[in-house]
Amino acid sequence: MSDLLLKVSGLNKSFFGVRVLRDVGFELTRGSVLGLVGENGSGKSTTMNILGGVLTSDSGRVELAGEEVAPANSRDALALGIAFIHQELSLFPNLSVEENIFLDHFPRRTGRLPFINRRILREQAKKALELIDLHVSPATQVMRLPQGERQLVEIAKALTRQARLIIFDEPTTSLTARETERLFEIIDRLRGQEISIIYISHILGDVLRLCDNIVVLRDGRVVGTGPRPDFTIERLVTLMVGRAIDQLFPERDPGSPPRSTALSVRNVSQPGIVKNVSFDLKPGEVLGVSGLMGSGRSELARILFGLDPYSEGEIRVGEARLPPLAPRQAMDKGLAFLTEDRRGEGLMMEASITDNIVLPSIVERSSGFLYWLKPTALGEAARGVAERVRVNTKAIERTAVRTLSGGNQQKVVIAKWLLRAPTIFILDEPTRGIDVGAKYEVYKIINQMVAAGAAILFISSEIEELIGMADRIMVMGRGEVRGFFERAQFDREALMKAALWD
Amino acid sequence: MAETGGVLSSAPGGAPSRPMRALRLLLFSDYLVLVLTLVYVAALWLFVPEILSPTNLQDVFLQILPLFIAALGLMMVLMVAQIDLSATSIMAMGCVVGASIMTGEGGYLAGQPWAPAVAILAIVAIGILIGVINGVCTIVFDMPSFLVTLTTMMFFSGAAIWYTAAHTSSGSSIGSLPPAFLDIGYGGVAGIPYAAIITVVLAIVVHLLLTRTVFGRWVRAVGLNPKAAAISGVPVRAVVIGCFALSGLFAAFAAIIYTARLEAGTPILGQRILLDVIGAAVIGGVSLFGGKGTVIGVLLGVLFLSAVDNGLQLLGLSLSSVYAIKGGVILLAAVTDAIRHTLMARG
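So the sequence lines, in the order shown, correspond to chains A and B. With this note's numbering applied, the first sequence corresponds to residues 14 to 515, in that order. With this note's numbering applied, the second sequence corresponds to residues -2 to 344, in that order.
Treat the hints with caution; some may be incorrect.
Rough simulated footprint, nothing fancy, chain A against chain B, three-plus residues with beta-carbon under 8 Å [claimed, not checked]:
1. 60 to 70
2. 217 to 225
Pulled a few chain B residues facing chain A out of the computed Cβ check, cut under 10 Å [to be verified]:
3. R15
4. F152
5. L206
6. V211
7. G213
8. F286
9. G288
10. K289
11. T291
12. K323
In silico DSSO-like links for lysine-lysine, alpha-carbon gap of 27 Å or less [as the list claims (entries may be wrong)]:
13. A:K407 to A:K387
14. A:K288 to A:K510
15. A:K387 to B:K323
16. A:K295 to A:K457
17. A:K407 to A:K457
18. B:K224 to A:K288
Note that these hints are calculated values from the structure, not bench results. For clarity, every value in this text was computed on a predicted model and none was experimentally measured. We put the CB at the ideal spot given by N, CA and C, even for glycine.
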């Protein structure tokens, strides 16, 4: 059967007079997967928040199985059978799996008394975990589970609430390739159980693979909708950005192959983290690093920058040796490090754009033995790099980074390192969670740096991105280097195989 | 995420109502405390006009100085999102050790002309030392600063009593301090007390440190996001230890002024002002979540708290009632800080 589960029509929403949704409408049949794509700010989240009861619409209709509904809060939505799995999971890491699943509807011992029936809790949790093929004890603390399994716990939670519609908001951003595969299998299975899915993602390849139908939003409007075969990545991108981007990756002058070495890593090991890692990075080169999460790629980046220790081996910049655990020395030698966790480790969210940009440079740009600040000069310098990376606000002294979109936040992180004019830039997932347009701009900045002679270590989970940007790709697995691929050998499957091979 | 709403959130979507906007404006104002102080003093003046009498004002002024110094030190620690409860024990310890060096009754350097200078150095050294111990335990051994400073507070409070007993026959205080030292408490140049000069100099130093130097930026960065700070090349450990050392140093300065004024070294020095020190900083807008604090804010906090204290005493309230009311006021300030924090986080 393929009857209609959800019908959204004429949805409008304004915030403080700014219209963020205009006449949004789409349909979803039972047991199908609807992909929702669009740049940041295109209205995806607002639409989903209306469905999930987080926001209410100004006008429009939401029909669930033929009945008009208007959930007033997320509890309401859940009661209607709409579960919303947010990008940042809402699990309590200090509680067990079963406690998380039944947090808002614990089976009680007797009627109204507040005593939990642990036996029934355990049984029901086991059943729920079986449904999603998660073989862990229900008593396991959530903090002990890897990210991918936490997501599955969220799904189990939704299933115990008899969800008819599950909304996934960027579910794969923190998952490894293998975990992503597993999630897709589960989604397939849910589809078989007549549960409908709305799947929001920036990773267009996934959307095309997984979804039955696709809705493209731009500036709060539906600009394209139809069954999956109607779309290609190019068409999706064109619809999303409203203009044709000839390619997803900007062109770069290959230039002449450099002879010197910018960064030389020899047999770097740290028990349980990385083993015998050796490579050379040349000026003007982009070395891609591929591998699953936990393969040691991010850990290697932290070791190179002096944030984590290494017990054996050698890291050299030119002639100078970099000691372990000395980020300041690494910075002085021209290293820069963009972390994969931009909110947690990259930025001071409450501080202004300027304050964030100048932080790594204030020592060099201060004067006297008291390290006196030169605010005017700092402000000008910050303005210079902010313009270079095109952070789209003029008031960089007054704007808190928190208020920026993901793409602009990432540009601020890049800008703060550009101000130091680094010669070796370690980029860990530089385009995670940012939209297509911003991605393209990040790639362009990277290319400009490379053209100026910087060496780039580009760590990414998106193989297409590495294929599009890197000169060479190093594949890592279980803390070891699995192999190097030259540009001519770039091949999605071979790279995947190298990363997965044990 | 969306469920963590503050109590003052406006209705979703619509523009906030007018009283809500005014409330928000007042809440976010840096001068909220000043307004409250003025309103409070004006209201009390109707009942107890003495509150504005020259003697009373002078009393309050002199009381404020060491409290302000200690609160400035605490601010440094709060700025890096830590807490320091040990200020009062630093005062007690510094006070009795300093007194034991210079007292005329069998002090180590009794009668020597440079005894006060050595005593002052000793007090300062004790402050820095205890501060560094606090800092190292907190950031190197990764212990909660609440626990660390609570235990150093207990340890040194006890040690100060033991030290006093070992140095006097009476066991309660060490008197006969040299006049050159007592001058700090009562003397002055051109009618300006030395204590006031010391306080103003320290306040200016802290202000410049926070707003004009790399160290100030580092302190703020560590308070806002220690991980991001570390990755940006900020020596996080050194900054945190430095803040604790400054807090100890400032407690030591406060101890010098208090001791000179009491004319004796006593282990119960400062016992009652812990709440005032923390309260003044919090009321003055120093965020308990780190990264936010100004010298002027702390000054306003000290003024407000002292006005409350003084006013209630003039009204003839018992010490316990004064305590209860002050506690309530400080709680209110902390709640306000938390609300501001949530409102800011939601934008």
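Comparing the hints with the structure gives:
| no. | hint | result |
| --- | --- | --- |
| 1 | 60 to 70 | violated (count 0) |
| 2 | 217 to 225 | holds (count 6) |
| 3 | R15 | violated, 15 Å |
| 4 | F152 | violated, 32 Å |
| 5 | L206 | holds, 9 Å |
| 6 | V211 | holds, 4 Å |
| 7 | G213 | holds, 8 Å |
| 8 | F286 | holds, 9 Å |
| 9 | G288 | holds, 7 Å |
| 10 | K289 | holds, 8 Å |
| 11 | T291 | violated, 15 Å |
| 12 | K323 | violated, 30 Å |
| 13 | A:K407 to A:K387 | holds, 21 Å |
| 14 | A:K288 to A:K510 | holds, 20 Å |
| 15 | A:K387 to B:K323 | violated, 41 Å |
| 16 | A:K295 to A:K457 | holds, 19 Å |
| 17 | A:K407 to A:K457 | holds, 21 Å |
| 18 | B:K224 to A:K288 | holds, 26 Å |
In this structure, the hints that do not hold are numbers 1, 3, 4, 11, 12 and 15, in rising order.
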